[in-house]
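K.L.:
Okay, here's what each chain looks like letter by letter:
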Amino acid sequence: MGKKVAKEVSIAIADAVAQCKVDVISAYPITPQTHIVEHLAELVNNGELDAEYMPVESEHAAMSACIGAAATGARTFTSTAAQGLLLMYENLFIASAFRLPIVMVIANRSISAPISIWNDHSDVMTMRDSGWIQTFAENGQEAVDLIYHAYKVAEKALLPVAVNIDGFTLSHVIEPIEFLDQKLVDKYVPPLRMKYKLDPKKPITMGAIGIPEIYTEAKKAQDEALKASYRIIVNAWKEFEKLTGRKYQPVETYKMEDAEIALIIMGSLAETAMNAVDLLRKKRKKVGLLRFRLWRPFPMKDFIRAIGKVKAIGVIDRAVSHGSTGGPVGIEVRSALYQSNKRPKIINFIAGLSGRDVTVEDFIEFFEKTYEAISKKPKFSYEIYGAKE
Amino acid sequence: MRAELKKFKGFNLKNLPEFEGFAPGHRACQGCGTVLPVKLALKALGPNTIAVSTTGCIEIISTPFPYTSWKIPWIHAAFENAASVASGIEAAIKVLKRKGKISKKQKINVVVFAGDGATFDIGLQFLSGALERGHDFIYICLDNEAYMNTGVQRSAATPYGAHTTTSPAGKVIKGQITWKKNLMGIVVAHNIPYAATASPAFPIDLMNKVKKASLVNGPGFIHVLSPCPTGWGCKSEDSILTAKLAVETRIFPLYEVIDGKYILNRKIDKPKPIEEYFKLQRRFRHLTPEQIEYIKKRVDEEYEKLVKLCECFGVES
Amino acid sequence: MPKDQGLVSWKELAPGMFILEPGNSVKFKTGDWRAYKPVLDKEKCIKCGICYTLCPDLCYKKDKDGYFIPDLYYCKGCGVCAKHCPKGAITMVLEEA
Numbered sequence: 190m191g192k193k194v195a196k197e198v199s200i201a202i203a204d205a206v207a208q209c210k211v212d213v214i215s216a217y218p219i220t221p222q223t224h225i226v227e228h229l230a231e232l233v234n235n236g237e238l239d240a241e242y243m244p245v246e247s248e249h250a251a252m253s254a255c256i257g258a259a260a261t262g263a264r265t266f267t268s269t270a271a272q273g274l275l276l277m278y279e280n281l282f283i284a285s286a287f288r289l290p291i292v293m294v295i296a297n298r299s300i301s302a303p304i305s306i307w308n309d310h311s312d313v314m315t316m317r318d319s320g321w322i323q324t325f326a327e328n329g330q331e332a333v334d335l336i337y338h339a340y341k342v343a344e345k346a347l348l349p350v351a352v353n354i355d356g357f358t359l360s361h362v363i364e365p366i367e368f369l370d371q372k373l374v375d376k377y378v379p380p381l382r383m384k385y386k387l388d389p390k391k392p393i394t395m396g397a398i399g400i401p402e403i404y405t406e407a408k409k410a411q412d413e414a415l416k417a418s419y420r421i422i423v424n425a426w427k428e429f430e431k432l433t434g435r436k437y438q439p440v441e442t443y444k445m446e447d448a449e450i451a452l453i454i455m456g457s458l459a460e461t462a463m464n465a466v467d468l469l470r471k472k473r474k475k476v477g478l479l480r481f482r483l484w485r486p487f488p489m490k491d492f493i494r495a496i497g498k499v500k501a502i503g504v505i506d507r508a509v510s511h512g513s514t515g516g517p518v519g520i521e522v523r524s525a526l527y528q529s530n531k532r533p534k535i536i537n538f539i540a541g542l543s544g545r546d547v548t549v550e551d552f553i554e555f556f557e558k559t560y561e562a563i564s565k566k567p568k569f570s571y572e573i574y575g576a577k578e
Numbered sequence: 348m349r350a351e352l353k354k355f356k357g358f359n360l361k362n363l364p365e366f367e368g369f370a371p372g373h374r375a376c377q378g379c380g381t382v383l384p385v386k387l388a389l390k391a392l393g394p395n396t397i398a399v400s401t402t403g404c405i406e407i408i409s410t411p412f413p414y415t416s417w418k419i420p421w422i423h424a425a426f427e428n429a430a431s432v433a434s435g436i437e438a439a440i441k442v443l444k445r446k447g448k449i450s451k452k453q454k455i456n457v458v459v460f461a462g463d464g465a466t467f468d469i470g471l472q473f474l475s476g477a478l479e480r481g482h483d484f485i486y487i488c489l490d491n492e493a494y495m496n497t498g499v500q501r502s503a504a505t506p507y508g509a510h511t512t513t514s515p516a517g518k519v520i521k522g523q524i525t526w527k528k529n530l531m532g533i534v535v536a537h538n539i540p541y542a543a544t545a546s547p548a549f550p551i552d553l554m555n556k557v558k559k560a561s562l563v564n565g566p567g568f569i570h571v572l573s574p575c576p577t578g579w580g581c582k583s584e585d586s587i588l589t590a591k592l593a594v595e596t597r598i599f600p601l602y603e604v605i606d607g608k609y610i611l612n613r614k615i616d617k618p619k620p621i622e623e624y625f626k627l628q629r630r631f632r633h634l635t636p637e638q639i640e641y642i643k644k645r646v647d648e649e650y651e652k653l654v655k656l657c658e659c660f661g662v663e664s
Numbered sequence: 392m393p394k395d396q397g398l399v400s401w402k403e404l405a406p407g408m409f410i411l412e413p414g415n416s417v418k419f420k421t422g423d424w425r426a427y428k429p430v431l432d433k434e435k436c437i438k439c440g441i442c443y444t445l446c447p448d449l450c451y452k453k454d455k456d457g458y459f460i461p462d463l464y465y466c467k468g469c470g471v472c473a474k475h476c477p478k479g480a481i482t483m484v485l486e487e488a
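Chains A, B and C, in that order, are what the protein sequence lines are. 190 is the number of the first residue of the first sequence in the numbering used here; add one for each residue after it. 348 is the number of the first residue of the second sequence in the numbering used here; add one for each residue after it. 392 is the number of the first residue of the third sequence in the numbering used here; add one for each residue after it.
Don't read these hints as lab results, they were simulated from the structure. Note that the structure is predicted; figures quoted are calculated from it, not measured. The C-beta atom is built at its ideal place from N, Cα and C for all residues, glycine as well. A couple of the hints might just be wrong.
[To be verified] Far from chain A, some chain C residues (derived; all Cβ distances over 12 Å): (1) T421; (2) Y427; (3) K428; (4) V430; (5) D432; (6) K433; (7) E434; (8) G457; (9) Y458; (10) I460; (11) D462; (12) Y464; (13) E487.
[Unchecked claim] In silico EDC-like cross-links for lysine to aspartate or glutamate, where the CA-CA straight-line distance does not exceed 20 Å: (14) B:K617 - B:E651; (15) B:K452 - A:D388; (16) C:K402 - A:D412; (17) C:K438 - C:D456; (18) A:K475 - A:E554; (19) C:K453 - B:E367; (20) A:K384 - C:D456; (21) B:K441 - A:E460; (22) B:K448 - A:D239; (23) A:K409 - C:E403; (24) C:K433 - C:D456; (25) A:K376 - A:D412; (26) C:K452 - B:E367; (27) B:K626 - B:E595.
Please take these sequences and the hints and turn them into a complete structure.
P.N.:
What follows is the structure, given as structure tokens:
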């Protein structure tokens, strides 16, 4: 086992990608993702990583090149954020429909307008339905481990994986990171062998027209593949635990055993939320926290199990779904529970948009409002929290 | 001449490769002048070729599931991005060869078949990026001068005066009001090793050019004028004849640009009257004498400019 | 709807809806689009292969005697071959109903 080293999380992510012996990196600069691909370019140009670095002219081209490279049987990587993700949008659906094991890191950032470079989840939530496997890291170690995991899973499930890290608040901080030994990486992420690829020795046609008589079947097959990837994802984490002792599961819980109310969060804000839980627990409040590490495919069973016997849940969204009944996570959670025997009260906050601080005090307020929801019908379906009147 | 091209002797009708990369049973319209260059190009390139298509006629007519006309590996991702997809393929081949995962001896051609809309308009940036990065691939623009697949809407490749569904010959405005975008000029400005214009009416010339584009190290670009009987309103039997007339009237001169040096392949000293080209096509039938005069003048000017460029380098073939 | 028209179970699809059989459009008949068919006069034919080179539908195949013969299973009757035959050896003849 390697020892811990202090590294900027972006640099650590790039190092992990290099450890996975990526073949083709194709990327376009956008804040706050740039440090990742800069470091990869450096590794390639210093001869430390044998890969093709493609400095393409847009994010659309970045994902297009990944599609071409992955379709030829190469291990690929790209990284983006916000507008960049939106520019490559149509390709996201093509990549997953083609079952290409592309790995992408999104340094989550708010989308324009107004233009703003700071962190929230409004970029990635637009690709919610794109057919990608989507994971969220809370800290630097998890981000690095999710990279190894992403290649493992993508290539087994034949689906693209987006690893999400919070822009700046995670991408730009220095954290102690423990890398896997190269031997272990090689074992965990064996060389990519694709059965179907662009190979003149065995010609296939990729991207034919799906006439109405086949489109439905094509989408059903893709949907089943994404659902089936759940097993692969969980097993890959189990294998990872055996190798490293670090345990990951689709839904992370904190002090949920006897919790009466819980908050749901994704990404790095969970650390602040845990501080709030600790404070309230000292006051003997039965509060807990739940974090989705896996967002797609939605870990339904883990989620239902994780909520235990809570009476109310406060969902904290980091994106707005304009004109909807809640934030993206709020909508998902309500929908998941509708068919369940467990029917806790749900209250939905949209907070921390574009880098707005969400403090321990804010989390305490979320808990209080969630507690009130047990007995009082909430006045709102969702609240854009903290907007000055 | 570039070293890579020295050994290539050229095709002729007697030594055409038997290989076909494209199969019959495709759904192109009768007399399609866009599918013919695809057939010819693949014949020139041979089986060790990966093709990328943009969205458009060729993609539609060749792959209605469960059928494919492609006998070689083929991919279609989106409308605008074929050049980027191809550059990803080329990069993958390069690195996988280096790592011993693809045989180093195996020369694999990567060829793009793109329409004019996908090249002149929506995909221009992608093409520019791929040319600038210098990928070893071939980009063939099959220019039928409008968005035929969506129902004949104008593109930046539509010639002045032509009627399309979005540049209709109206009472006040009579067809396309802009001159065709100088795509070759844009491509050549990227300083790529090989660029050429070609026509299905000169099939051996077209095949030779495709082969040369594949032989040079780096990007090769071919602009093919591809008649569309459906969109141009010509008889299917006149499709290839129309392409021939475009060359013989100086509307679409055949030339190559090798390492920046212009070579005129077919000098047209006595051009055929431009009206001969127009009268075969319904899209031009509304042209006024003034419009025809304007086109004539401009076509001659553009041709003279090209001749001067070729004279600069003192090569002619 | 029969299988060859696309209706298959989602379980039978290759990943990505890829088509694994290269050039299988040969099974698809386009000959019934035709109104006129090309008829070759072997007396006039010089076996130059221009018809074969210019046919957009890849109909022409060389027979054992070196003549290029159109496969009417695919020929859409566009008439390009007849138009460009240097010896006028190909005539487009109206198909009988």
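K.L.:
All the hints need checking, so say for each whether the structure fits it.
P.N.:
For each hint, the structure was consulted:
no. : hint            : verdict
1   : T421            : holds, 16 Å
2   : Y427            : holds, 29 Å
3   : K428            : holds, 29 Å
4   : V430            : holds, 35 Å
5   : D432            : holds, 38 Å
6   : K433            : holds, 36 Å
7   : E434            : holds, 41 Å
8   : G457            : holds, 30 Å
9   : Y458            : holds, 30 Å
10  : I460            : holds, 27 Å
11  : D462            : holds, 22 Å
12  : Y464            : holds, 21 Å
13  : E487            : holds, 33 Å
14  : B:K617 - B:E651 : holds, 13 Å
15  : B:K452 - A:D388 : holds, 14 Å
16  : C:K402 - A:D412 : holds, 12 Å
17  : C:K438 - C:D456 : holds, 9 Å
18  : A:K475 - A:E554 : holds, 15 Å
19  : C:K453 - B:E367 : holds, 13 Å
20  : A:K384 - C:D456 : violated, 43 Å
21  : B:K441 - A:E460 : violated, 44 Å
22  : B:K448 - A:D239 : holds, 13 Å
23  : A:K409 - C:E403 : holds, 11 Å
24  : C:K433 - C:D456 : holds, 11 Å
25  : A:K376 - A:D412 : violated, 29 Å
26  : C:K452 - B:E367 : holds, 11 Å
27  : B:K626 - B:E595 : holds, 15 Å
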